[in-house]
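Q: Using the sequences and the hints given, assemble the complete structure.
Protein chains: 2
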Amino acid sequence: MKRDSRLSGVLHVLLHMVEQGKPMTSEQLAKAMQTHPVVIRRILGGLRDAGFVHSEKGHGGGWTIARDLATITMHDVYKAIGRPSLMAMGNRTEAPGCLVEQAVNAALDTSFKEAEALLLARFGEVTLATLAADFHARMAARSLSPTTQEHIHG
Amino acid sequence: MKRDSRLSGVLHVLLHMVEQGKPMTSEQLAKAMQTHPVVIRRILGGLRDAGFVHSEKGHGGGWTIARDLATITMHDVYKAIGRPSLMAMGNRTEAPGCLVEQAVNAALDTSFKEAEALLLARFGEVTLATLAADFHARMAARSLSPTTQEHIHG
DNA sequence: AAATCACGCACTATTTAAAGTTACATGAAA
DNA sequence: TTTCATGTAACTTTAAATAGTGCGTGATTT
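Sequence order for the protein chains is A and B. Per the numbering used here: the first sequence = residues 12 to 165. Per the numbering used here: the second sequence = residues 12 to 165.
I should point out that these hints are in silico values taken from the structure, not numbers from a laboratory. Computed from a predicted model, the values in this text were never measured in an experiment. Errors might be hidden in some of the hints.
Treat identical chains as interchangeable: a pair holds within one or across any two.
To be verified - Distance condition first, Cα-Cα at most 30 Å in a straight line; then the derived BS3-like pairs of lysine-lysine:
id: 1; residue 1: 42; residue 2: 90
id: 2; residue 1: 68; residue 2: 33
id: 3; residue 1: 90; residue 2: 33
id: 4; residue 1: 90; residue 2: 124
id: 5; residue 1: 90; residue 2: 13
id: 6; residue 1: 124; residue 2: 13
id: 7; residue 1: 68; residue 2: 42
A: Structure below.
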């Protein structure tokens with residue numbers, strides 16, 4: 012399959028929304044992300060259900076952040092998009108009748124579970140506020156005011 | 012993409028080779044793994060280059076383990092099959108000009124790298140001997156002698 | 001020497017899940 | 001009532017892994 016970039020994508024979209032300060036349409040976000048508006052709606056749909064963003068139809072509508080950035084962690088976002096699998100590897104067969112495979116699966120699963128736990132713990136330590144702060148630091152390092160629009164793609 | 016099961020597969024094949032004690036052909040191994048002989052040759056090719064297994068052509072040929080099981084870790088096997096990517100997720104764009112994306116990528120990469128390091132460290136702690144011992148323990152728990160062929164699939 | 005066995009490799013097909021796209025319904029604002 | 005924007009379902013495309021085909025090469029057996 013393709014490499015899953017939904018988490019990366021949704022975080023990116025959220026930060027662009029934050030920087031904008033006012034509602035952004037799927038089309039605007041899609042342009043910034045160089046993708047399709049429907050992809051944006053799909054990916055933000057989960058966040059809306061989780062209460063992290065709000066969407067409004069019609070004129071002047073679009074997407075806005077619905078909560079304080081400091082209260083949303085990368086782990087929250089990960090859960091909101093449906094907890095996609097983290098590990099690229101899996102077992103050849105689940106529920107194997109073969110004892111050899113059971114032994115192999117057990118060893119691999121133990122390692123994978125530990126790595127996943129660590130990953131999710133790290134995700135839980137980073138909030139959208141953290142990411143926004145990092146972005147602003149990068150802006151400053153580039154000697155541009157955070158109010159300019161130079162961070163928008165294209 | 013499909014879920015990568017090469018590591019799981021090759022470990023499985025190796026343990027079956029160990030249990031057999033004499034050379035096994037790609038066809039025999041493929042039958043046990045319910046896959047195609049060419050897949051077996053492909054996956055074992057990397058291990059041969061790394062010196063972990065030996066292959067012989069012609070009558071009585073096939074695959075054998077070339078080293079003491081205790082000297083081969085899951086990490087070694089992982090390296091031998093070409094260090095396939097461990098994380099199912101990636102960044103939407105590598106080398107992003109967008110500072111927002113840079114901030115997001117940096118945060119994700121840090122977490123991914125830590126998780127990968129942990130995973131590889133765990134892989135390095137498990138040898139083929141460990142796995143074989145676990146298999147024999149499972150055999151005993153099932154009250155079968157390890158010399159029977161009941162662990163072979165089908 | 002000939003037949004057979006088994007790996008080696010290049011090439012093609014299939015599969016799986018994400019990403020992209022199209023089409024249309026719904027609902028809000030001008 | 002027209003226009004804008006989301007909501008959703010269905011379909012197409014794409015990336016990466018596995019599966020499969022065909023033929024060449026070398027070793028063993030007879």
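Q: Hint by hint, say whether it matches the structure.
A: Each hint tested on the structure:
1. In this assembly of identical chains, residue 42 and residue 90 lie within 30 Å of each other by CA distance solely inside one copy; the values are 25 Å within and 40 Å between copies.
2. In this assembly of identical chains, the alpha carbons of residue 68 and residue 33 lie at most 30 Å apart only when taken from the same copy (14 Å versus 70 Å across copies).
3. Taking the shortest alpha-carbon separations for residue 90 and residue 33, only the intra-copy value of 25 Å comes in at or below 30 Å, while the best inter-copy value is 49 Å.
4. Taking identical chains as interchangeable, the C-alpha atoms of residue 90 and residue 124 lie at most 30 Å apart whether they share a chain (17 Å) or sit on different chains (20 Å).
5. For the identical chains of this complex, residue 90 and residue 13 are neighbours both inside a copy (20 Å) and across copies (22 Å), given an alpha-carbon limit of 30 Å.
6. When the C-alpha separation of residue 124 and residue 13 is checked against a cutoff of 30 Å, the pair qualifies both within a copy, at 22 Å, and between copies, at 20 Å.
7. Proximity of residue 68 and residue 42 under a CA criterion of 30 Å is satisfied intra-copy only: 19 Å inside one chain copy versus 58 Å between copies.
Checked against the numbered hints given earlier, this structure breaks none of them.
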